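Chains A and B, in that order, are what the protein sequence lines are. At position 333 of the first sequence (counting the first as 1) the number is 333 in the UniProt record's numbering, and the numbers step up by one without a gap. At position 367 of the second sequence (counting the first as 1) the number is 367 in the UniProt record's numbering, and the numbers step up by one without a gap.
Any given hint could be a false lead.
Unchecked claim - Now the stretches of chain A that chain B is said to cover, found in silico as 3 or more residues with beta-carbon under 8 angstroms: (1) 3-17; (2) 340-354.
What the hints assert, rightly or not - With the Cβ distance kept under 8 angstroms, some of the chain B side facing chain A (calculated, not the full set): (3) 13; (4) 16; (5) 21; (6) 39; (7) 42; (8) 148; (9) 295; (10) 297; (11) 321; (12) 330; (13) 338; (14) 339.
By construction, these hints were calculated from the structure, which means they are not laboratory data. Being a predicted model, the structure only gives us computed values, none of them experimental. We put the beta carbon where it would ideally sit given N, CA and C, even for glycine.
As a plain string of letters, each chain reads:
There are 2 protein chains.
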Amino acid sequence: MIVGVIGGGQLARMMIPAAVELGIELHVLAEAEGMSAGLAAVAVGDYRDRDAVLAFADTVDVVTFDHEHVPQEILRELVSRGVAVHPGPDALQYAQDKLLMREKLASLGLPVPDWARASSADELADFLDDHGGRAVVKTARGGYDGKGVRVVRAAHEADDWFTALAEDGNGGDLLVEELVDFSRELAQLVARRPSGEVVAWPLVETVQKEGVCAEVIAPAPHSAGRIADLAADIAFAVAEGVGVTGVLAVELFQTTDGRLLVNELAMRPHNSGHWSIDGSTTSQFEQHLRAVLDLPLGATGCHDDWSVMVNILGGPTSGSLEDRYPAALAAHPLVKVHNYGKSPRPGRKIGHVTAGGTELDDVSYEARAAAALLVE
Amino acid sequence: MIVGVIGGGQLARMMIPAAVELGIELHVLAEAEGMSAGLAAVAVGDYRDRDAVLAFADTVDVVTFDHEHVPQEILRELVSRGVAVHPGPDALQYAQDKLLMREKLASLGLPVPDWARASSADELADFLDDHGGRAVVKTARGGYDGKGVRVVRAAHEADDWFTALAEDGNGGDLLVEELVDFSRELAQLVARRPSGEVVAWPLVETVQKEGVCAEVIAPAPHSAGRIADLAADIAFAVAEGVGVTGVLAVELFQTTDGRLLVNELAMRPHNSGHWSIDGSTTSQFEQHLRAVLDLPLGATGCHDDWSVMVNILGGPTSGSLEDRYPAALAAHPLVKVHNYGKSPRPGRKIGHVTAGGTELDDVSYEARAAAALLVE
Numbered sequence: 001m002i003v004g005v006i007g008g009g010q011l012a013r014m015m016i017p018a019a020v021e022l023g024i025e026l027h028v029l030a031e032a033e034g035m036s037a038g039l040a041a042v043a044v045g046d047y048r049d050r051d052a053v054l055a056f057a058d059t060v061d062v063v064t065f066d067h068e069h070v071p072q073e074i075l076r077e078l079v080s081r082g083v084a085v086h087p088g089p090d091a092l093q094y095a096q097d098k099l100l101m102r103e104k105l106a107s108l109g110l111p112v113p114d115w116a117r118a119s120s121a122d123e124l125a126d127f128l129d130d131h132g133g134r135a136v137v138k139t140a141r142g143g144y145d146g147k148g149v150r151v152v153r154a155a156h157e158a159d160d161w162f163t164a165l166a167e168d169g170n171g172g173d174l175l176v177e178e179l180v181d182f183s184r185e186l187a188q189l190v191a192r193r194p195s196g197e198v199v200a201w202p203l204v205e206t207v208q209k210e211g212v213c214a215e216v217i218a219p220a221p222h223s224a225g226r227i228a229d230l231a232a233d234i235a236f237a238v239a240e241g242v243g244v245t246g247v248l249a250v251e252l253f254q255t256t257d258g259r260l261l262v263n264e265l266a267m268r269p270h271n272s273g274h275w276s277i278d279g280s281t282t283s284q285f286e287q288h289l290r291a292v293l294d295l296p297l298g299a300t301g302c303h304d305d306w307s308v309m310v311n312i313l314g315g316p317t318s319g320s321l322e323d324r325y326p327a328a329l330a331a332h333p334l335v336k337v338h339n340y341g342k343s344p345r346p347g348r349k350i351g352h353v354t355a356g357g358t359e360l361d362d363v364s365y366e367a368r369a370a371a372a373l374l375v376e
Numbered sequence: 001m002i003v004g005v006i007g008g009g010q011l012a013r014m015m016i017p018a019a020v021e022l023g024i025e026l027h028v029l030a031e032a033e034g035m036s037a038g039l040a041a042v043a044v045g046d047y048r049d050r051d052a053v054l055a056f057a058d059t060v061d062v063v064t065f066d067h068e069h070v071p072q073e074i075l076r077e078l079v080s081r082g083v084a085v086h087p088g089p090d091a092l093q094y095a096q097d098k099l100l101m102r103e104k105l106a107s108l109g110l111p112v113p114d115w116a117r118a119s120s121a122d123e124l125a126d127f128l129d130d131h132g133g134r135a136v137v138k139t140a141r142g143g144y145d146g147k148g149v150r151v152v153r154a155a156h157e158a159d160d161w162f163t164a165l166a167e168d169g170n171g172g173d174l175l176v177e178e179l180v181d182f183s184r185e186l187a188q189l190v191a192r193r194p195s196g197e198v199v200a201w202p203l204v205e206t207v208q209k210e211g212v213c214a215e216v217i218a219p220a221p222h223s224a225g226r227i228a229d230l231a232a233d234i235a236f237a238v239a240e241g242v243g244v245t246g247v248l249a250v251e252l253f254q255t256t257d258g259r260l261l262v263n264e265l266a267m268r269p270h271n272s273g274h275w276s277i278d279g280s281t282t283s284q285f286e287q288h289l290r291a292v293l294d295l296p297l298g299a300t301g302c303h304d305d306w307s308v309m310v311n312i313l314g315g316p317t318s319g320s321l322e323d324r325y326p327a328a329l330a331a332h333p334l335v336k337v338h339n340y341g342k343s344p345r346p347g348r349k350i351g352h353v354t355a356g357g358t359e360l361d362d363v364s365y366e367a368r369a370a371a372a373l374l375v376e
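Make the full structure from the sequences, and use the hints.
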């Protein structure tokens, strides 16, 4: 059983432990030497290079991904050549293009923010007029971690993007959305295998800082009952509706009036599920491997009443993460440290920590304090 | 931080996930291509080949082991060249030579079975006379998994071993021990770092079949209080007394009259600690890496009231372990499967499964049933 992963970032890296335990060979097509998942790299190549991807795919039993950026043409050629690709291009297109995603979710009858396709500043102005003079504008493609997302209060504030799209050979429109009045952000992680089985982990709360996930609390506080059921129903409907295989993360807004709206989709293991490595019977990385191999899925219960994951962003102001281990590990023997083997750089995700326990206040403190010792 | 592991078996393999998560580079000196820990192999060489071991040691920050068989001369040369070796030769000698081990434990005042050094059938006959006509004879060196261990009722039954020892250039004696009247076997796992910190996991019960570990129950049933305290005291005394670094497993007999006697020592991650991968906050493999790097040790609490580990011995009668995944994983979504990537062979340890939960009967059933589906 050889699983091929396109992309050598930390998501591919975190598949390695699960693959080793299950006796699955993991082959990574890395963007460069020395990537986070370098241990499992068998080839270096660009995911936009048709020949490199096809040659890599010939050596594996199933192709999956560290990211969602492999072009549709290449994905479809793989499928036409009989390669098992999970998630497949029909599903991945909704993670690659936010306008397609909004249209699909709307057609599935799922709750989303008010949105529109805007091809000009005039159309954006109309949307602003209808939504209290403010909106979120998103590029349909290429955004992540807050990039390609902008809050605007005047139509001219997206002029540079309209110009760029006009100059781009592919053209295209912007997605404009209402600025949702939300009380918090949640994420519902599920996994689906080709033969149809779908499982959900508990709903989690995600805390963003400057558009980047900073902290995840599992399960989301005060979410038992209606909210948890609703989130799972939405995520199952998305998974079935788009036919995703592997792990799917559905990022949600909980509105101040208690509704859930779908914000974004990710069709791969996701930062909101990193807690599951230490906190769940089956980690999202093990589950992703099981799912893409169409193996029965594992249990998704929790080891602890509460798990809190805190990202390590940027890294220490001097030296390496490992230099901080003596202090951080001594002070926090209960905390699990995950180091992606990436060099520190402002804002870069270079690791995370997870704590678990029975009292949320204590667990949050443990995770935050350990993360602070690793970067301060 | 590069940890070098001499030997490429499943113990080295199971260090890989912990190393990946902590961002530690793991370099394995493997006995051959395609070993269980092949993913981390950077060199192939014989652990008895001085030049191969020295060249390997030059590329790493600390040397540790998948097994205890590296010759003392090579270990001592490494130390004399300034290489950090954990556990070091002064400790490892007690895992390499059972006569030295018995002498050391006796000098530390630790409880052991009655024993003697036997250099001839006459001396063995004397011991048999004093112990009801039966004894266990062990070769001092080279035994594992029941090999090099024999129950005898007459002195001539060890003649072949005496002859072999006489012919061996190194000569040597046999260890003879009373046949202990035990109610069960236990194991106490601890870890010690060079700067002195020692931690213990809960005492476990081990179930042997034909001299090979078949099943481990963590914690050992009916062991709270006196027995658990005694076992931890013994293991701490051994760890300090022999100056071990890394993980130490102390195998114990619980006698029918309620005493604990030290049976064997292992100075490396041990089969009795495999449950900790899924069942403890810190697995023995992560702890071993932390210990040999002299990093602060992690917490050793349990995720579940009970964990049961069942070895997969021999493997399926036809096909591979992975062929059995669909049936085994579907029936046991709570069970964690560990596959060492070794080809099936009668009696060979090729993997293990672990289950956890609140009712020991249920947990044992889950683990045993999953293991059965994987080999039947």
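TODO: Classify the hint on residue 13(B) as holds or violated, based on whether any CB of chain A lies nearer than 8 angstroms to its CB.
DONE: 7 angstroms, holds
Task: Restraint outcome when residue 295(B) is required to lie within 8 angstroms of chain A by C-beta distance - done: 5 angstroms, holds
Task: Status of the residue 21(B) interface restraint (C-beta, 8 angstroms, chain A) - done: 5 angstroms, holds
- [ ] With a cut-off of 8 angstroms on the beta carbons, see whether residue 42(B) makes it to chain A.
- [x] 11 angstroms, violated
Task: Satisfaction of the residue 339(B) interface hint, Cβ to chain A closer than 8 angstroms - done: 3 angstroms, holds
Task: chain A contact restraint for residue 330(B) - C-beta distance below 8 angstroms - done: It holds, given that the least Cβ distance between residue 330(B) and chain A is near 4 angstroms, below 8 angstroms.
Task: residue 297(B) as an interface hint toward chain A, with CB separation required under 8 angstroms - done: 7 angstroms, holds
TODO: Identify whether the interface hint at residue 338(B) stands, where standing means a beta carbon of chain A within less than 8 angstroms of its own.
DONE: 5 angstroms, holds
TODO: Against chain A, run the beta carbon of residue 148(B) and see if the smallest gap drops under 8 angstroms.
DONE: Violated: closest Cβ of chain A sits about 30 angstroms from residue 148(B), beyond 8 angstroms.
Task: Interface restraint verdict for residue 16(B) against chain A (beta-carbon cut-off 8 angstroms) - done: 5 angstroms, holds
TODO: Examine the region 3-17 of chain A: at least three residues should have C-beta closer than 8 angstroms to a C-beta of chain B.
DONE: Satisfied; 4 residues make the cut.
Open item on the list: Next item in the hint list is residue 39(B). Is there a CB on chain A closer than 8 angstroms to its CB?
Closed with: Because about 7 angstroms separates residue 39(B) from the closest Cβ in chain A, which is inside the 8 angstroms limit, the hint holds.
The structure does not agree with the numbered hints 7, 8 stated previously, though it agrees with the rest.
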